[in-house]
Amino acid sequence: MMKPNALRAALVENNAYLQQNPDRLHVFVDHGRIEASSEKGRIGSKGGSFRYRYTLNLIVTDYPEDSTTLIIPIIAWARDWQPDLLANPDRQRDGIKFEVDVLKTGTADVSIEIQLTEAVDVQYVEGKPVAAYRQEPMLSDEIRAFLGAD
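The sequence shown begins at 10 in our numbering and counts up by one.
The reader is advised that the hints may include incorrect statements.
Stated by the list, open to error - So the derived label-pair ranges between C-beta atoms look like this:
(1) Arg-42 / Asn-97: 16 to 24 Å
(2) Tyr-142 / Pro-31: 23 to 31 Å
(3) Asn-14 / Thr-114: 25 to 33 Å
These are computed hints drawn from the structure, not numbers from a lab.
For clarity, every value in this text was computed on a predicted model and none was experimentally measured.
Think of the CB as a built atom: it goes at the ideal place given N, C-alpha and C, for glycine as much as any other residue.
Generate the whole structure from the sequences, applying the supplied hints.
What follows is the structure in structure tokens.
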């Protein structure tokens, strides 16, 4: 899977606290499922292609800032890596969830759950499977402008 490490890198790069304290960011893949089909032309057909579907659980411990400073880079990341989280009303409602444990020290433990998918195309080259992650479809320029993308 590529998205957990890509999101970790984006958060560390775009958050001053995580730049100084990368060990405070914990990344877990929960409730993972594999979607595959034997129907020709669909994921999981003849080539063995499939889709990962999972919950990415980000936990930031002892966070001294407002949680908005975590959410903003996550939304920016999702524009390119999981655009359906922003464009699909059903995914907007349930695609990103969070919990905050406010600590006595003035900091918080923040847990953010993100519903992600990754499609993997598998082709056989000289009898051996070769996997390649499928790129996410890009949002239209109009939707990107509405969402505030560059």
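Here is how each hint holds up against the structure:
Take Arg-42 and Asn-97: their Cβ atoms lie about 19 Å apart, and the range 16 to 24 Å holds. With their beta carbons about 24 Å apart, Tyr-142 and Pro-31 fall inside the hinted range of 23 to 31 Å. Take Asn-14 and Thr-114: their Cβ atoms lie about 30 Å apart, and the range 25 to 33 Å holds.
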